[in-house]
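Let the sequences and hints guide you as you build the complete structure.
Chains as they are written, first to last, in my numbering: chain E, 1 to 427; chain C, 428 to 573.
Keep in mind that the hints were calculated from the coordinates and are not lab data. If you're wondering where the values come from, they're calculated on a predicted model, not measured in any experiment. All residues carry an ideal CB built from backbone N, CA and C; glycine is no exception. You may find that some hints are simply not true.
Examples of chain E residues toward chain C, derived with CB under 7 Å [what the hints assert, rightly or not]:
id : residue
1  : H364
2  : F366
3  : D367
4  : S370
5  : Q374
6  : G382
7  : I425
If you want the building blocks of each chain, they are given just below.
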Amino acid sequence: MHTLPNVFKFFRMHETLKNTDTIRRIHEIRDEFPILREMVNGEPLVYLDSAATAQKPEVVISSIANYYRQSNSNVHRGVHSLSQTATALYEDARTTVKEFINARYAEEIIFTKGTTDSINLLAHGLGKILIDQGDEILTTEMEHHSNFVPWQALALEKKATLKIIRFDDKGEIKPSDVESMISEKTRLLAITHASNTLGSINDIKEIVNICHAKNILVVVDGAQYIPHAQIDVQDLNCDFYVFSAHKLFGPTGTGVLYGNRKLLNQLPPYQTGGGMISEVGLQSTEYASSPQVFEAGTPNIAGVVGMAVAIKYLQETGYAFIEAHEKNLLRLATEKLLQIPGLKIIGTSENKVPLISFVVKGLHPFDIGSLLDQMGIAVRTGHHCTQPIMTRYGISGTVRASFAFYNTADEVERLYQGILKALKILS
Amino acid sequence: MMTVRDDMSIDEKQMALVETFEFFDDWTDRYEHIISLGKELPPLSDEFKTEANLIKGCQSQVWLHAEMKDGKLFFSADSDAIITKGLISMIIQVFSGHSPEEIINTELSFIDRIGLKEHLSPTRSNGLLSMVKQLKFYAIAFSAKS
Numbered sequence: 001m002h003t004l005p006n007v008f009k010f011f012r013m014h015e016t017l018k019n020t021d022t023i024r025r026i027h028e029i030r031d032e033f034p035i036l037r038e039m040v041n042g043e044p045l046v047y048l049d050s051a052a053t054a055q056k057p058e059v060v061i062s063s064i065a066n067y068y069r070q071s072n073s074n075v076h077r078g079v080h081s082l083s084q085t086a087t088a089l090y091e092d093a094r095t096t097v098k099e100f101i102n103a104r105y106a107e108e109i110i111f112t113k114g115t116t117d118s119i120n121l122l123a124h125g126l127g128k129i130l131i132d133q134g135d136e137i138l139t140t141e142m143e144h145h146s147n148f149v150p151w152q153a154l155a156l157e158k159k160a161t162l163k164i165i166r167f168d169d170k171g172e173i174k175p176s177d178v179e180s181m182i183s184e185k186t187r188l189l190a191i192t193h194a195s196n197t198l199g200s201i202n203d204i205k206e207i208v209n210i211c212h213a214k215n216i217l218v219v220v221d222g223a224q225y226i227p228h229a230q231i232d233v234q235d236l237n238c239d240f241y242v243f244s245a246h247k248l249f250g251p252t253g254t255g256v257l258y259g260n261r262k263l264l265n266q267l268p269p270y271q272t273g274g275g276m277i278s279e280v281g282l283q284s285t286e287y288a289s290s291p292q293v294f295e296a297g298t299p300n301i302a303g304v305v306g307m308a309v310a311i312k313y314l315q316e317t318g319y320a321f322i323e324a325h326e327k328n329l330l331r332l333a334t335e336k337l338l339q340i341p342g343l344k345i346i347g348t349s350e351n352k353v354p355l356i357s358f359v360v361k362g363l364h365p366f367d368i369g370s371l372l373d374q375m376g377i378a379v380r381t382g383h384h385c386t387q388p389i390m391t392r393y394g395i396s397g398t399v400r401a402s403f404a405f406y407n408t409a410d411e412v413e414r415l416y417q418g419i420l421k422a423l424k425i426l427s
Numbered sequence: 428m429m430t431v432r433d434d435m436s437i438d439e440k441q442m443a444l445v446e447t448f449e450f451f452d453d454w455t456d457r458y459e460h461i462i463s464l465g466k467e468l469p470p471l472s473d474e475f476k477t478e479a480n481l482i483k484g485c486q487s488q489v490w491l492h493a494e495m496k497d498g499k500l501f502f503s504a505d506s507d508a509i510i511t512k513g514l515i516s517m518i519i520q521v522f523s524g525h526s527p528e529e530i531i532n533t534e535l536s537f538i539d540r541i542g543l544k545e546h547l548s549p550t551r552s553n554g555l556l557s558m559v560k561q562l563k564f565y566a567i568a569f570s571a572k573s
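Below is the structure:
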């Protein structure tokens, strides 16, 4: 994209984003998200923090209310009709997720509280069956703390070694960077599909190939990738893939752990209690199999129901449309922001999810974010739970604007104008 | 526009700040004023920019130093973010030069009254809320010593 002269790039960009069909479609989509009509500090909200949590369409919001109004009952427990309805909704959601990520079996889908919960479940289980003293766990410098701290804690507990794969100046990790860190002691790689701070997308398929050739299991944090592109866990061939519903336009407090069935059957339970047993005696208990064994207690049924509706909504909207529109937004925003003197983008890979982290010379991200907030523009500032990335670039934080398919070219313009205004006030 | 004077009580100073801010028409003026206060506040000397004086926020960091002179507490502070620095400049102006008892017994109210409440919210994580708590702790500690 740096080869074309600016004037041509803008012509092409505006042509795509000014396509009337696209504009009409985006307006229809925006109408489905009630929160996008909110005013913030007297201005129409520009929500550019979808990487932290995405907004929810009306269908998701009403599905949760309707669940409580019409179907609320405990799952897997009762003979009565409502309980059967609730169980059917809950198990249908599992099938929806299974088909969404193209898993082989529904029992490979475990409902959790979210990405962090999924990773903790794995760190707990794999710590018991896979990681011993002296073993090596591989992770990367670009992980969100949620895919870093659990492995660091496990390594400390087991006297294992946590080895960190570095990224280059653009924020990229090449499969060969992974390969060069592998030793005969490596048991596991925990890696993000896309970075929440840099936006970079990792070549998971190739990385899994390299790891599997050496009998290394691969855990993929898909939280930032799955809202933006179709995934296929059979094609990626990873052992575990985790994500959260709330970044996927669904409710908070719900998430998914996908695991290869063979491996899940070897994992010990994370929590024990009700709903995860097959038989309880006074001296010992026989556990149920996956997924129930990993879903102790009454699950977040309404959340799971809402997540399934969000997935269907996404499928109807279509990833082809989502990807094309988001790529245009990212390109436009990148080009606009680069025109701002002193602004530097952190994470310059050509292959990114639609988010831009930036710093402005001499200014603190908090100050820029506070002023943008006054203008009704929601961005995130700080270290984004990725302190190793901040250390790598020698910065304390960035401003991050992250996009979803409900964002528009006008909002990119408001961000651009907003940053200019903030810089004027701060200078 | 009233100015804050050293011979005012803490509450009188807060009142003066509130009156100053009533003078501004919109958020741009308010923030420009806070930013100019942040720029005017002399940086904390390195000897006081210690780990012990550091209040870590998720977003911005604050250093707070306290000294007792003739029964009165004097504060100096700094931050890496200029808006935070402007706000702490006003806070230390309000509380400096008063007895520990007066500091303990007076609530910080002007931030709320000038429409900047969100900066004192725990979710803002700019270190400001912790700084105010720390300032009160110093007052309690010095009050216990004397």
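**Request:** Quick one: which hint numbers does this structure break? Sort them smallest to largest.
**Result:** none
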